[in-house]
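> Line by line, the protein sequences give chains G and C.
Residue numbers for the first sequence follow this note's numbering, so the first one is 1 and each next one is one higher.
Residue numbers for the second sequence follow this note's numbering, so the first one is 1001 and each next one is one higher.
It is possible that part of the hints are untrue.
Claimed, not checked - Beta-carbon label-pair distances, calculated as ranges:
(1) C:R1337 x G:Q158: 56 to 66 Å
(2) G:L285 x C:M1105: 49 to 59 Å
(3) C:K1048 x G:G223: 32 to 42 Å
(4) C:K1203 x G:A274: 32 to 42 Å
(5) C:Q1234 x G:G59: 26 to 36 Å
Keep in mind that the hints were calculated from the coordinates and are not lab data.
A quick note: this is a predicted structure, and the numbers were derived from the prediction, not measured.
From the three backbone atoms N, C-alpha and C, an ideal C-beta is built for every residue, glycine too.
Chain residues, written in single-letter form:
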Amino acid sequence: MWKPEPSLADLQYLVEKAGLTRDALLAAYRQMCLIRHFEETIADRYYIGKTPEFNMAAGPIRGEMHLAVGQEAVAVGVCSLLESQDVVVSTHRPHHHALAKGVDASKLAAEIFGKQTGLCRGKGGHMHLFDKEKNFSCSGIVGASFPQAAGAAFAFRQRGQRNVAVAFAGEGAANHGTFAETLNAAALWQLPLIIVVEDNMYADSTPKWAALAQPHQFQRGLGYNVPSYLVDGMDVIDVYRAAKTAIQRARDGQGPALIEAVCYRYRGHFEGDAEEYRTKEEVELWRALDPIPRLGNRLKKLGWADDATLEALRAEAKRAAEAAVAFAEQSPLPDPAEALTGVFR
Amino acid sequence: MRTMKGIAFAIAEAIDQEMAERQDIVVLGEDVTYWGAVFGFTMGLHQKYGRDRVVDTPITEQTFFGMAVGAAAVGMHPVVSLMFVDFLGAGFDQMYNHMAKNHYMSGGQFAMPVTVLTAIGGGYGDAEQHSQVLYGLFAHVPGFKVVVPATAYDAKGLTISALRDPNPVVIFGHKLLTGLPFLPFEGQEEDVPEERYTVEFGKAAVRREGSDLTMVAAGLMVHRCLRAAERLAQDGIAAEVIDVRTLVPLDADTLVASARKTGRVLIVDEDYRSYGMTGELAFRIQEGAFEALKTPVRRLAVPDVPIPFSEPLERAVIPSVDRIYEEARALVTAPARTA
Ligand SMILES: Cc1ncc(C[n+]2csc(CCOP(=O)(O)OP(=O)(O)O)c2C)c(N)n1
Ligand SMILES: [Mg+2]
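Produce the entire structure from the sequences given, and follow the hints as far as they go.
Here it is, written out as structure tokens:
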């Protein structure tokens, strides 16, 4: 939900209140740039073998590909507050959450390429990423993240652990029964669960107006007595402020929260999407709210960075993304015999 | 008559032609308008019939399948899209405990005319949750008719039969047979009549005649068996290829007759191996043709592992033309049983 751009004095106040330091904001900027470059580099490689005729089965990366360009601020704003032991359960659009949770970019890229060195040894691919060390997982089934994160939160509460679980999901997923069922369970048992709904206006080709009876998820959250925040998902500071309160409360045993982050995806639902359901003008309109330059401008306004610093961070992020993808490209494919292993432990 | 590439357009045309004459048909599901249910089964319909009859639903499988049950109970014929069969878990209760049983449980009071369209299959890198076949699950539950078209001609005729059937019919369209430009196509361009016609359920099709062995399959695997049969022919082996077309009702007679003729049967399936189509067909065949079988029935199916993402892994589990050919050769050269 767009909020007016703060004046310098207001910005200083907001940042100070949120406990955001120069280093923290520069790190957020770098992380968002890493996600952006990672997604764009994956997109670049995805189209190898798929042009001029788009064939999903061709090229070094096969199958569907859902990228999160434009949605970086939501992932970074929330995950920069998490510890390694905290759990994140993500969706079919999982790369930004994974990177923000600290999943190794090289192993992530290698998994997307189906390589032996990937997070899941090539078995899962882009929609099925698992990292036990970082407590990260995701699913290609819409609506699956809510109860699974609630289960982790349930375990944390049971064991008296000061950890939280975060379920990311789209606004489309919030129509699924698991959303309502999980809100009820989380409120009933006061679970340390944070539900983050990324409202990017579309579920596949279906615009929000065609699928939601009322426009806001926070209203649904409040209906279950879950403290709920409506934030500007294109503004990492706004996301961070809400997430900080929500996560702190959950760690302190005060139960769940919902964050509704209004944002926009600049690319198609999946790569190869003809996007007949929206106009180019609409996409351009949202470009003005691009979360990366927005943060960059604020860093400059605060006197915390100049163009050269920002440029250096972008270049560093780009190198890191390219190195991760190069690692993936150079890695070997798995041995076909591995296909028959691992159903049971 | 004109040529048509793939089952997607054939299914969409069947629905269109029935909808034009019948007010009871409504189309429900995710992305059934702009995206034609992603795999094209509903393409072109919303432009013609509007958003009141062709309805994009929220992502709520349980609810829209339940609504199909409720609407069918009061005389509608819902056509419901389950975008990928893999998503059935999100709505299956309404399907297997209600849609499939209400006619029986109500002592025959409530007909359940629902046509479900769903996309199946792998082979293009979509991994564990978007590559399954799963028709065996539906065929296992009494109350669903299970339709697996392998050709555009059948897709159109079987869909029209489904739309005129007073029972729940699930149509499993293989993604690699849709003929859509973004996926590989393993079918053939065919002549398909422009006018309406039906293809009867429970009638298997002998796609190729042969006397040395029988290969039985459904959907995409029919085409792979036909390609394997061509190679076998070069080796002097005459393979008969049977397309079961509908798992429920099942045409066991055609299978048994062929097994009696050749004495050797290979069942090929892209569904999981155990407790599925291959086991059921093998049972029916031995039941009807036991004394004519020269060797035990063989099967080639997904070896009870999920469909992995990486290409070499995926190739290792989904039956290919090569492996069908090898399995068929091994079957033909296996020593015959001495009774
Ligand atoms: C249970 C289930 N139904 C349908 C789908 C197909 N599908 C994949 S993504 C998607 C849209 C999701 O929209 P949203 O939750 O808003 O997430 P976004 O793609 O916008 O990030 C749909 C319908 C699925 N994967 N799982
Ligand atoms: Mg969305």
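> CB of C:Q1234 to CB of G:G59, is that within 26 to 36 Å?
Holds - the Cβ-Cβ distance for C:Q1234 and G:G59, about 32 Å, lies within 26 to 36 Å.
> Measuring from beta carbon to beta carbon, are C:R1337 and G:Q158 in 56 to 66 Å?
60 Å, holds
> Given a hint of 32 to 42 Å, does the C-beta separation of C:K1048 and G:G223 actually sit inside it?
39 Å, holds
> Taking the Cβ atom of G:L285 and the Cβ atom of C:M1105, is their distance within the range 49 to 59 Å?
For C:M1105 against G:L285, whose Cβ atoms are near 53 Å apart, the range 49 to 59 Å holds.
> With respect to the beta-carbon atoms only, verify the hint that C:K1203 and G:A274 lie 32 to 42 Å apart.
For G:A274 against C:K1203, whose Cβ atoms are near 39 Å apart, the range 32 to 42 Å holds.
Checked against the numbered hints above, the structure breaks none of them.
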